[in-house]
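Just so you know, we're using the working numbering here: the sequence shown kicks off at 1 and counts up by one.
These are computed hints drawn from the structure, not numbers from a lab.
Since the structure is predicted, the reported quantities are computational estimates derived from the model, not experimental observations.
Positions of the beta carbon are idealized from the N, C-alpha and C atoms, including for glycine.
It cannot be assumed that every hint is accurate.
To be verified - Dumping the calculated DSBU-like pairs for lysine-lysine here, alpha-carbon to alpha-carbon at most 30 Å: (1) K65 x K52; (2) K52 x K69; (3) K65 x K47.
Unchecked claim - Label pairs and their computed distance ranges (CB to CB): (4) N85 x G54: 16 to 24 Å; (5) E75 x G54: 27 to 35 Å; (6) V86 x R34: 36 to 44 Å.
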Amino acid sequence: MHNSGMIYGYARVSTDREIVGVRIEVLTAARSDRQGERTSLGRVDAKANGVKFGRRPILVPHRHKDAYKRVEAGEPRRGVVRSYNVRHATISLLTR
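All chains, full assembly: derive it from the sequences and hints.
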């Protein structure tokens with residue numbers, strides 16, 4: 001009697017699909033490793049070329065000082081907020 005799941009008493013293994021699946025996993029892992037390496041090398045090169053990382057400041061330093069002076073001089077914060085087109089929290093942080 002032939003059992004389709006057994007060959008000579010041993011479980012039959014589907015090598016085609018399993019081998020393809022293993023190959024895909026190995027290739028995917030190798031690709032992601034290379035991608036990470038390329039990304040880190042690109043960041044190092046960019047830093048060496050003077051590229052700045054992170055968010056840009058909402059107010060550049062000279063506007064930051066000007067806004068602080070205006071608030072300290074007694075100008076309403078609402079007017080300062082509108083003139084620089086920033087949120088009220090940005091101006092409130094200047095006077096802490």
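So, going through the hints one by one against the coordinates:
1. K65 x K52: holds (22 Å)
2. K52 x K69: holds (28 Å)
3. K65 x K47: holds (28 Å)
4. N85 x G54: 16 to 24 Å: holds (21 Å)
5. E75 x G54: 27 to 35 Å: At 30 Å between Cβs, range holds.
6. V86 x R34: 36 to 44 Å: Taking Cβ atoms as reference, V86 and R34 lie about 42 Å apart, which means the hint holds.
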